[in-house]
Every structure is written in structure tokens, then in C-alpha cells.
Amino acid sequence: MQKRIFHILFFATSLLLTFSLFPQTYAADTKFTVVIDAGHGGHDPGAVGRRGKEKNINLSVALKLGRLIKQNCPDTRVVYTREKDVFIPLHRRAEIANDAKADLFISIHTNSVASRSSRVSGTETYTLGLHRTEENLEVAKKENAVILIEDDYKQRYAGFNPNSAESYIIFEFLQDKNMAQSVNFATAVQRCFRNANRTDKGVHQGGFLVLRATSMPSVLIELGYITNPTEESFLLSEQGSSTLAQSIYRAFLNYKGEKIAGSPRLMAVENAAPPMETTDTPEVEASEVTTTPAKQAASRSNEVNPAGKPVFKIQILTSDRKLSPKSKQFKGLSPVDSYKEKGIIKYTYGSDTNYNKILRLKRSKVDSKFKDAFIIAFKDGVKMNINQAIREFKQNR
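According to the working numbering, the sequence shown is numbered sequentially starting from 808.
Hint data in this document are derived by calculation from the structure and do not stem from the laboratory.
Ideal placement from N, C-alpha and C gives every residue a C-beta, glycine not left out.
Possibly wrong hints are sitting among the right ones.
Claimed, not checked - Derived CB-CB ranges, DEER-like:
# : residue 1 : residue 2 : range
1 : LYS838    : LEU1130   : 46 to 54 Å
2 : SER1175   : LYS1201   : 26 to 34 Å
3 : SER922    : SER1044   : 20 to 28 Å
Stated by the list, open to error - Straight line, CA to CA, 30 Å or less: simulated DSS-like cross-link-like pairs of lysine-lysine:
# : residue 1 : residue 2
4 : LYS1133   : LYS1178
5 : LYS1147   : LYS1135
6 : LYS1172   : LYS1116
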């Protein structure tokens, strides 16, 4: 018995050393970097349904997500662990993220159960941790089992056996310094899935090797169950993969906006500002401004646009149609402005050249109503990079 305990502890220590965190360094003025990992690939099909394979679903959603970010977030660098049907070992996926000095790692997977006619359905998002249920352990076992087809897995993963519950004792000793941010993003992902009418199976923790070896906030998303015939059809469809990618994209925007707003150097700016004075403003009808890909014009119905100065706003929701200024979808916020971007009408609340005022307005009046809201900026009527806008605000104080 003592020998058995010693073996487990030695086993855990070896794995901990093998997966020690890389130094986490982010340059203040570099692009936000997200690494998108399409799980499985090549000779590793992942879960298999009646009509499709997990590896193809994962890749489809990953590429769509990456395109959305590239098209709409010029201040973000997108890195893929794979862009085609090839096999990438788990350790290499983490290395790609660490080498890129990523700010966020998103691993995309598709779930399954034993029966291919099962009615189990729903999306769930995992962060690194000790699984609290047998079901979570089984999910981790399935995803970690990919190491068994790597030639040197016993040496590379310090003897870790993905099918042995004893191996997972290592995760009981780990305190992930990125846990809070990982959970925040995972929660946003599940909320956006719910908004897209997907069954929400919640946010969980699990012993996933691909997450353990990364040095930044990381999540593993299970898009749905390929073993549920109805859900498999959705996952394999163009509409399904697009809906899932758009949901993750919206969560990404929310997370990125919050991380930028809450970074230490930005908090210092806010704390240095005087208390915000609140004033009542009359309700003004939202205006619609059509833009070109080169220019994204701001709504001008309820703001003063001082030449050369960034104007900060809070984006609260988007719609494919014009909403009445008194629409219930605004949840009592008024006045609300809008602008049009890539055929989508985007609604904003608040408008000020003082970033601190807009940040406090978001926290005091908006966050409780729109949890996915984030701050954007315009200059001379043209949408601009929020990081650059904040830098200009600090310089002009």
C-alpha cells in the first residue's frame, strides 16, 4: 500500500514538473493574441457519429471563429494549432499557444456517449481543475486518450495514463493562476450558447492535459453530442457550425473587452479620475449610419464629435433590423444610438471623450442588464482600435 501511494505521489510530481507553467509575459502595446485549437485531426478522428467525425466539426467551427475575429478585430492576432486535417500532439498544441504568447487559448471539441442513438445533448465548457463528477472524469479521459497514439507518450507525459483515475491525482495539487479568467470566459461562452438556443450544460472543471500545459487563460469547449442524431445533423450543417462559431465569437468580444478594461494600467487611469457627475439627457431617436469596409462610421444623433479626440461608447447589442428607440430589448436604457457594420445594426449607450466616465457608466448601469456589453471608440466618426483610443485618452489628460 505504501509503495502504491509513493508511486502516485512520484507520478504526480513528475507530471507537475513536466507541465510547469511557462513565464506569462504580455507586451502592453502588442496585439491581443488568441490561439484556436481544433481538437483531434489526421489519423485521430475523435468521436464518430453516424454521418460525421468530430475532427471535421471541430475544424469547421475553429476556422469560422478565426475568420470572424480576423474580419472584425484588426487589433487581434489569430493563431491556429491546425488549419487542415492533420494530427497535432497535445503537447504541441500547448507549445503553439505558449510560443505565440497568447492571451487566450480556445480548444474546440465535440462530445459523445457510448450509444450512437443517444438523446443526450447540449454544450459545455471546461476549465482546468479537478473533476468533481464521474461524468466530467469520463470527458477528460476521452480527450486525453489521444496521447496514446503518440509514439513517446510515456516519456513525454511522465507516465500519465489517461484511462487511470489515479493519474488524475495531479490535478488536486494544482492551483491554476489563470483560473478566474478562464472561468469568466467559459461562463461567457455558455451564456452566448444559451442565447443561441443551445442546451446549456454549464461550466465545469476537468483534468485536461492540453489545458494544463498552457500558460494563459484556457478553455475546452464541447460543442454538442455527435452521438445524438439530431444534434449531429446540426453540428454538421453550415448553419449549425456558423451559429456555434458566432456564439464563441460574441463571448470572445465580451472577454477581450473586459480584460482590456480591467487591466492594471487601465485601472490606474480610472482611479486617477474624479468622481463622475451624472446628468439627465433627453431621449433621442437612434440613427443608422451605413459604413464601408474601410470606414465604420459612428452614429451622430446624440453626441458631440470633437475633432481629433476619441469618443467612447458602450455597445450593448446587435440586430439584423432597426429597433424602435423604446424597444424592450434596450431594457430601459435611453437614449440609445446605433451604427451599421457589415450589414449588422449595432446599438450603443453613452457617449463621452472621458473613458473613465464611460467605464463607470458601464459598471453602474449597463453590466447588470447586458453582461456581454463592451466599450468601443470612434474618432472623427470612424471606429478605431480601443487600445489606441485609451492611449490617446491618457496622453491628452
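Consistency of the hints with the structure:
1. LYS838 - LEU1130: 46 to 54 Å: violated (33 Å)
2. SER1175 - LYS1201: 26 to 34 Å: Since the Cβ atoms of SER1175 and LYS1201 sit about 28 Å apart, the hinted range of 26 to 34 Å holds.
3. SER922 - SER1044: 20 to 28 Å: holds (22 Å)
4. LYS1133 - LYS1178: holds (20 Å)
5. LYS1147 - LYS1135: The given pair, whose Cα atoms are some 20 Å apart, holds under the 30 Å limit.
6. LYS1172 - LYS1116: Holds, at about 25 Å.
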